[in-house]
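Enquirer: According to our numbering, the sequence shown is numbered sequentially starting from 82.
Keep in mind the hints are simulated off the structure, nothing from the lab.
Glycine included, every Cβ here is placed at the ideal spot set by N, Cα and C.
Computed Cβ-Cβ distance ranges for the label pairs, DEER-style:
#1 L126 - G181: 21 to 27 Å
#2 G130 - P221: 47 to 53 Å
#3 E133 - V203: 19 to 25 Å
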Amino acid sequence: MDTVAPAPPEPDAPPRGPHVTLWLVRIVVTLHLLAVLCQPILAGLFLTGDVEAIEIHGLVGSIVGLLTIGTIAVAIAYVTGGRGRLWVLPVAVVLFLVEGFQIGIGYARTLQVHIPLGVAIVVTSVLLAIWAWSPSATRPRRSRS
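Working from the sequences, and respecting the hints, build out all of it.
Expert: Right, dumping it as C-alpha coordinates:
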(Lines of atoms letter the chains of each structure in order from A and count residues from 1; the text may use other names and numbers.)
(Lines give C-alpha, C1' and ligand atoms only; values in the text may rest on other atoms or scores of the structure.)
Protein backbone atom coordinates (compact mmCIF):
# COMPACT_ATOMS: atom_id res chain seq x y z
CA MET A 1 0.00 0.00 0.00
CA ASP A 2 1.39 3.32 -1.02
CA THR A 3 1.09 6.01 1.57
CA VAL A 4 1.83 9.60 1.09
CA ALA A 5 3.73 11.20 3.89
CA PRO A 6 2.19 14.41 5.10
CA ALA A 7 3.92 17.50 3.91
CA PRO A 8 6.21 19.04 6.48
CA PRO A 9 4.67 22.04 8.17
CA GLU A 10 5.58 25.29 6.54
CA PRO A 11 7.64 27.56 8.71
CA ASP A 12 5.80 30.53 10.06
CA ALA A 13 6.07 33.36 7.65
CA PRO A 14 7.94 36.28 9.11
CA PRO A 15 5.65 39.14 10.02
CA ARG A 16 5.26 41.55 7.18
CA GLY A 17 6.20 45.09 7.81
CA PRO A 18 4.57 48.25 6.55
CA HIS A 19 4.96 49.01 2.88
CA VAL A 20 2.25 51.19 1.38
CA THR A 21 1.39 52.72 4.73
CA LEU A 22 5.03 53.60 5.35
CA TRP A 23 5.24 55.37 2.01
CA LEU A 24 2.13 57.34 2.93
CA VAL A 25 3.72 58.27 6.26
CA ARG A 26 6.92 59.32 4.48
CA ILE A 27 5.06 61.51 1.99
CA VAL A 28 2.85 63.26 4.53
CA VAL A 29 5.64 63.71 7.10
CA THR A 30 7.93 65.17 4.42
CA LEU A 31 5.25 67.60 3.23
CA HIS A 32 4.62 68.54 6.86
CA LEU A 33 8.34 69.17 7.38
CA LEU A 34 8.56 71.38 4.29
CA ALA A 35 5.63 73.47 5.50
CA VAL A 36 7.09 73.70 9.01
CA LEU A 37 10.46 74.82 7.61
CA CYS A 38 8.73 77.66 5.74
CA GLN A 39 7.46 79.13 9.00
CA PRO A 40 10.70 80.62 10.40
CA ILE A 41 11.53 81.98 6.95
CA LEU A 42 8.17 83.72 6.72
CA ALA A 43 8.50 85.03 10.27
CA GLY A 44 11.94 86.38 9.44
CA LEU A 45 10.60 88.12 6.34
CA PHE A 46 7.93 89.76 8.47
CA LEU A 47 10.51 90.92 11.01
CA THR A 48 12.60 92.48 8.24
CA GLY A 49 9.69 94.54 6.97
CA ASP A 50 7.69 92.33 4.62
CA VAL A 51 4.31 92.91 6.27
CA GLU A 52 2.45 90.53 3.93
CA ALA A 53 4.62 87.61 5.06
CA ILE A 54 2.69 87.35 8.33
CA GLU A 55 -0.52 86.55 6.43
CA ILE A 56 1.26 83.78 4.57
CA HIS A 57 2.76 82.62 7.88
CA GLY A 58 -0.77 82.25 9.28
CA LEU A 59 -1.97 80.42 6.17
CA VAL A 60 0.97 78.02 6.23
CA GLY A 61 0.30 77.43 9.94
CA SER A 62 -3.18 76.24 9.02
CA ILE A 63 -1.72 74.03 6.29
CA VAL A 64 0.69 72.56 8.85
CA GLY A 65 -2.29 71.69 11.04
CA LEU A 66 -4.07 70.01 8.13
CA LEU A 67 -0.94 68.05 7.26
CA THR A 68 -0.73 66.90 10.86
CA ILE A 69 -4.30 65.63 10.62
CA GLY A 70 -3.13 63.76 7.52
CA THR A 71 -0.19 62.43 9.52
CA ILE A 72 -2.58 61.12 12.16
CA ALA A 73 -4.69 59.42 9.48
CA VAL A 74 -1.75 57.67 7.82
CA ALA A 75 -0.27 56.84 11.24
CA ILE A 76 -3.49 55.01 12.10
CA ALA A 77 -3.14 52.97 8.90
CA TYR A 78 0.59 52.45 9.51
CA VAL A 79 0.04 51.20 13.07
CA THR A 80 -3.06 49.07 12.48
CA GLY A 81 -2.87 47.81 8.90
CA GLY A 82 0.86 48.07 8.36
CA ARG A 83 1.94 46.74 11.75
CA GLY A 84 4.23 49.73 12.11
CA ARG A 85 5.68 51.21 15.27
CA LEU A 86 3.05 52.09 17.86
CA TRP A 87 4.68 55.32 19.08
CA VAL A 88 4.09 57.10 15.77
CA LEU A 89 0.38 57.61 16.41
CA PRO A 90 0.61 59.29 19.85
CA VAL A 91 3.48 61.46 18.60
CA ALA A 92 1.32 62.64 15.69
CA VAL A 93 -1.60 63.39 18.03
CA VAL A 94 0.59 65.34 20.47
CA LEU A 95 2.16 67.23 17.56
CA PHE A 96 -1.32 68.18 16.35
CA LEU A 97 -2.31 69.45 19.80
CA VAL A 98 0.92 71.41 20.20
CA GLU A 99 0.53 72.95 16.74
CA GLY A 100 -3.04 73.97 17.56
CA PHE A 101 -1.77 75.67 20.70
CA GLN A 102 1.02 77.24 18.64
CA ILE A 103 -1.50 78.73 16.21
CA GLY A 104 -3.53 80.16 19.07
CA ILE A 105 -0.60 81.79 20.83
CA GLY A 106 0.67 83.08 17.50
CA TYR A 107 -2.57 84.94 16.85
CA ALA A 108 -2.46 86.17 20.47
CA ARG A 109 1.06 87.51 19.74
CA THR A 110 2.51 85.68 22.74
CA LEU A 111 5.93 85.54 21.12
CA GLN A 112 7.83 84.55 24.27
CA VAL A 113 6.08 81.15 23.98
CA HIS A 114 5.39 81.10 20.22
CA ILE A 115 9.02 81.30 19.12
CA PRO A 116 10.54 78.59 21.37
CA LEU A 117 7.55 76.33 20.75
CA GLY A 118 8.07 76.85 17.03
CA VAL A 119 11.68 75.72 17.42
CA ALA A 120 10.47 72.60 19.25
CA ILE A 121 7.98 71.87 16.46
CA VAL A 122 10.71 72.23 13.83
CA VAL A 123 13.04 69.89 15.74
CA THR A 124 10.29 67.32 16.28
CA SER A 125 9.29 67.48 12.61
CA VAL A 126 12.89 67.02 11.47
CA LEU A 127 13.37 64.03 13.78
CA LEU A 128 10.09 62.47 12.65
CA ALA A 129 11.06 62.86 8.99
CA ILE A 130 14.53 61.42 9.60
CA TRP A 131 12.95 58.41 11.30
CA ALA A 132 10.37 57.95 8.51
CA TRP A 133 13.15 57.62 5.94
CA SER A 134 15.39 55.44 8.13
CA PRO A 135 15.61 51.65 7.86
CA SER A 136 14.08 51.23 11.32
CA ALA A 137 10.76 52.55 10.00
CA THR A 138 10.48 49.53 7.70
CA ARG A 139 10.69 46.97 10.49
CA PRO A 140 7.37 45.69 11.80
CA ARG A 141 6.73 45.90 15.49
CA ARG A 142 7.42 42.81 17.52
CA SER A 143 4.47 40.56 18.15
CA ARG A 144 3.63 39.75 21.73
CA SER A 145 4.42 36.11 22.42
